[in-house]
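Asks: Chains A and B, in that order, are what the protein sequence lines are. Under the working numbering, the residue at position 65 of the first sequence is numbered 65, and the numbers go up by one with no gaps. Under the working numbering, the residue at position 333 of the second sequence is numbered 333, and the numbers go up by one with no gaps.
Take these hints with a grain of salt, some might be off.
Derived DEER-like restraints, expressed as beta-carbon distance ranges [what the hints assert, rightly or not]:
hint	chain 1	residue 1	chain 2	residue 2	range
1	B	V23	A	K14	37 to 45 angstroms
2	B	Q225	A	K147	34 to 42 angstroms
3	B	E38	A	N148	44 to 52 angstroms
4	B	P263	A	E292	42 to 50 angstroms
5	A	N182	B	G144	36 to 44 angstroms
6	A	K14	B	K26	44 to 52 angstroms
7	B	S86	A	P284	47 to 55 angstroms
8	B	P334	A	K344	49 to 57 angstroms
Calculated lysine-lysine pairs in the DSS-like style (CA-CA distance at most 27 angstroms, straight line) [unchecked claim]:
hint	chain 1	residue 1	chain 2	residue 2
9	A	K304	B	K208
10	B	K126	A	K299
11	B	K290	A	K227
12	B	K147	A	K299
13	A	K307	A	K290
Chain B is nowhere near these chain A residues, computed Cβ spacing over 10 angstroms in every case [to be verified]:
hint	residue
14	N108
15	K117
16	L121
17	Q129
18	E178
19	K258
20	T294
21	I296
22	N297
23	N305
Simulated from the structure, these hints should not be mistaken for lab results. Being a predicted model, the structure only gives us computed values, none of them experimental. For each residue, glycine too, the CB sits at the ideal point set by N, CA and C.
Number of protein chains: 2
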Amino acid sequence: MPIPTIEFKNNSVKIIDQTRLPVSYKIISCKNIKQLWEAIRTMQVRGAPALGVAAAFGVYLGIKDFRGNNNQFLKKLKSVIRYLGSSRPTAVNLFWSLERMNKLARKNRNKPVAQIKMMILKEAKKIFQEDRFVSRKMGDFGQGLIKNNDRILTICNAGALATADYGTALALIYKAKEKGKNIKVFACETRPLLQGARLTTWELKKHKIDTTLICDNMAASLMSQKKIDKVITGADRIASNGDSANKIGTYNLAVLAKYHHIPFYIVAPSSSFDLKLKTGKGIPIEQRSKEEVTVINNKRIAAKNVKVYNPAFDVTPHQLITAIVTEKGIIRPPFIKNIKRLLKNA
Amino acid sequence: MPIPTIEFKNNSVKIIDQTRLPVSYKIISCKNIKQLWEAIRTMQVRGAPALGVAAAFGVYLGIKDFRGNNNQFLKKLKSVIRYLGSSRPTAVNLFWSLERMNKLARKNRNKPVAQIKMMILKEAKKIFQEDRFVSRKMGDFGQGLIKNNDRILTICNAGALATADYGTALALIYKAKEKGKNIKVFACETRPLLQGARLTTWELKKHKIDTTLICDNMAASLMSQKKIDKVITGADRIASNGDSANKIGTYNLAVLAKYHHIPFYIVAPSSSFDLKLKTGKGIPIEQRSKEEVTVINNKRIAAKNVKVYNPAFDVTPHQLITAIVTEKGIIRPPFIKNIKRLLKNA
Numbered sequence: 001m002p003i004p005t006i007e008f009k010n011n012s013v014k015i016i017d018q019t020r021l022p023v024s025y026k027i028i029s030c031k032n033i034k035q036l037w038e039a040i041r042t043m044q045v046r047g048a049p050a051l052g053v054a055a056a057f058g059v060y061l062g063i064k065d066f067r068g069n070n071n072q073f074l075k076k077l078k079s080v081i082r083y084l085g086s087s088r089p090t091a092v093n094l095f096w097s098l099e100r101m102n103k104l105a106r107k108n109r110n111k112p113v114a115q116i117k118m119m120i121l122k123e124a125k126k127i128f129q130e131d132r133f134v135s136r137k138m139g140d141f142g143q144g145l146i147k148n149n150d151r152i153l154t155i156c157n158a159g160a161l162a163t164a165d166y167g168t169a170l171a172l173i174y175k176a177k178e179k180g181k182n183i184k185v186f187a188c189e190t191r192p193l194l195q196g197a198r199l200t201t202w203e204l205k206k207h208k209i210d211t212t213l214i215c216d217n218m219a220a221s222l223m224s225q226k227k228i229d230k231v232i233t234g235a236d237r238i239a240s241n242g243d244s245a246n247k248i249g250t251y252n253l254a255v256l257a258k259y260h261h262i263p264f265y266i267v268a269p270s271s272s273f274d275l276k277l278k279t280g281k282g283i284p285i286e287q288r289s290k291e292e293v294t295v296i297n298n299k300r301i302a303a304k305n306v307k308v309y310n311p312a313f314d315v316t317p318h319q320l321i322t323a324i325v326t327e328k329g330i331i332r333p334p335f336i337k338n339i340k341r342l343l344k345n346a
Numbered sequence: 001m002p003i004p005t006i007e008f009k010n011n012s013v014k015i016i017d018q019t020r021l022p023v024s025y026k027i028i029s030c031k032n033i034k035q036l037w038e039a040i041r042t043m044q045v046r047g048a049p050a051l052g053v054a055a056a057f058g059v060y061l062g063i064k065d066f067r068g069n070n071n072q073f074l075k076k077l078k079s080v081i082r083y084l085g086s087s088r089p090t091a092v093n094l095f096w097s098l099e100r101m102n103k104l105a106r107k108n109r110n111k112p113v114a115q116i117k118m119m120i121l122k123e124a125k126k127i128f129q130e131d132r133f134v135s136r137k138m139g140d141f142g143q144g145l146i147k148n149n150d151r152i153l154t155i156c157n158a159g160a161l162a163t164a165d166y167g168t169a170l171a172l173i174y175k176a177k178e179k180g181k182n183i184k185v186f187a188c189e190t191r192p193l194l195q196g197a198r199l200t201t202w203e204l205k206k207h208k209i210d211t212t213l214i215c216d217n218m219a220a221s222l223m224s225q226k227k228i229d230k231v232i233t234g235a236d237r238i239a240s241n242g243d244s245a246n247k248i249g250t251y252n253l254a255v256l257a258k259y260h261h262i263p264f265y266i267v268a269p270s271s272s273f274d275l276k277l278k279t280g281k282g283i284p285i286e287q288r289s290k291e292e293v294t295v296i297n298n299k300r301i302a303a304k305n306v307k308v309y310n311p312a313f314d315v316t317p318h319q320l321i322t323a324i325v326t327e328k329g330i331i332r333p334p335f336i337k338n339i340k341r342l343l344k345n346a
């Protein structure tokens, strides 16, 4: 039973405030685009697929009360889309979703404004439904990679809380469990914002999955003791050669997996691919505030005025990736050829 | 100017309470062996060399008020040593120091008890002075490895706060700076207890070293951008083949350094070698409480009742180590031969 990470009800986007988990479970209601922008920026809602869904409903929030003619409407839509795009730069699903709305509106630019508004809402609901379907498809394809008694390492939260349904990386685990496979998950806590500790352990416990929390620097120790069979993570943007941006620390795990001869899998919907990019070098990496690192639970943990390096993501080169699981199938090397084949011809 | 991490004054062991840094600087006074045991256990004092010094003074605290005959004294000494040895299992300096006290007392077992007590105090002071000397010698030998404008990554605190003087890994940096070299240090925060964030940034800022704090999972990202020239860490116990136990996360950095062709150096006094051990497999690894991981600054950050893996140390195999810097010189591979030559014949 997936968690209602995001819903659209009574002209509002309802989301679980993920900054409060696991200590408290609170649904917040974004009634306007500014509230939604803040929710994305402060990571009350996060996860590449969920950001795609949130941005789609965000467009509707941004235009639903607009009054004016068609030209003015398209201008308004453009500014709404630019505004939502300024919230977070790395996950491409957000831009994919905004572009889909943009195309829809331009295609129907001569229809009555009220009708375009309804089409936008319908499209957002469609993106939401697609995300649920896609999540389950990834789970179905990917669960075949998981063996009974596998011990799986993951980072950040690539679960139900990151999507509108079962998740990406964790969808494989939920589906494998449904097939009766016994699985142990090791969750990296994922500093600085601790999504692994706060969200993944909470979500996995809810699904009664055997879960062990570790600090990010403990992964190598487990691998050297042969206690990890697979590493499975999500992705925020994948270039056409398979290079994948994901939560900071993912590249670290990929290097460790290679050194210890452990398969490393990425799970992401086709909307996470950015085929305009040749390699991961072109992916913009969001730098976040130093306070995310120097202050934990309202208490300073470092010397005053120390410099901080705080990128939200890193890029794992395709050479370190065993396979990428999508809703259209599993992609294995050579990635350039196989990504093109599966995604462009689908 | 080194920081007075540990001192013996007025029959008390005075230490900086490292659990309070960097928010407050407080000297605590251990007047009896139980207080000292607690200070070691809770890591108010930590760092392999500093633990050696603390344990030596601890023996004196344990026997100074003893009244009885020589046989009773030796029995008391034995229980004092066993008690101090139960505080933390991994750093061998602690046991090395206790064994040195034991040998001294046994050699002088027929002398008056009062005289043996004075000899023990004198020996503890000698260990303290030796540690200061050894720290500077490691710095002198090791600084030659550091080039002008080097960007150095370190983990945990292997500085003045870990010894009675300049430190181990950080001694190289202080000595290189004294030689006029320009150095940038990247400090891994070192979860779960954040010694890198709390202690290393505080100490380096005091010494006016250019310091950047990162979360442990960001090291690979820096390395892939060619922003790290060397990794330098301390060690808590080194086997006769060079396998080195150090703070959890060190092995992770060693694998990353190898993958990115970055030299990886260990800095440790000869008292950190355990030549009875053939390999690192024999080093006992301390497992610490789950609350160190699940609670930060008094607030829970993970699902209730989640399992936790929390080893305080990991072991870096000698194959990943470029060289080991000691107070007797720099040891390079083949380690078995060269460790024996430098340490046994010294």
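Asks: Take a quick look at whether K304(A) and K208(B) sit within 27 angstroms of each other, Cα to Cα.
Replies: Cα-Cα ~13 angstroms, so holds.
Asks: Checking the smallest CB distance to chain B, is L121(A) really beyond 10 angstroms?
Replies: The claim stands: L121(A) keeps its Cβ more than 10 angstroms from every Cβ of chain B (closest is about 36 angstroms).
Asks: So the hint says 44 to 52 angstroms: do the beta-carbon atoms of E38(B) and N148(A) match that?
Replies: 46 angstroms, holds
Asks: Quick check for students: does the CB of K117(A) sit more than 10 angstroms from each CB in chain B?
Replies: 41 angstroms, holds
Asks: Please verify that the nearest CB of chain B lies beyond 10 angstroms from N305(A)'s CB.
Replies: 7 angstroms, violated
Asks: Going by Cβ atoms, does E178(A) stay more than 10 angstroms from chain B at every point?
Replies: The claim stands: E178(A) keeps its Cβ more than 10 angstroms from every Cβ of chain B (closest is about 21 angstroms).
Asks: Just checking, T294(A) versus chain B, shortest CB gap more than 10 angstroms?
Replies: About 7 angstroms separates T294(A) from the closest Cβ of chain B, which leaves it inside 10 angstroms; violated.
Asks: Hint says 44 to 52 angstroms; check whether the CB-CB distance for K14(A) and K26(B) agrees.
Replies: 48 angstroms, holds
Asks: If you draw a straight line from the CA of K290(B) to the CA of K227(A), is it 27 angstroms or shorter?
Replies: 19 angstroms, holds
Asks: Beyond 10 angstroms from every Cβ of chain B: is that where the Cβ of K258(A) lies?
Replies: The claim breaks: K258(A) does not keep its Cβ more than 10 angstroms from every Cβ of chain B (closest is about 7 angstroms).
Asks: Using the Cβ atoms, figure out if Q225(B) sits within 34 to 42 angstroms of K147(A).
Replies: At 36 angstroms between Cβs, range holds.
Asks: Would you say the C-beta atoms of P263(B) and E292(A) sit inside 42 to 50 angstroms of each other?
Replies: Distance hint for P263(B), E292(A) is violated at roughly 31 angstroms.
Hints 4, 5, 10, 12, 19, 20, 21, 22 and 23, counting from the list given before, are not met by this structure.
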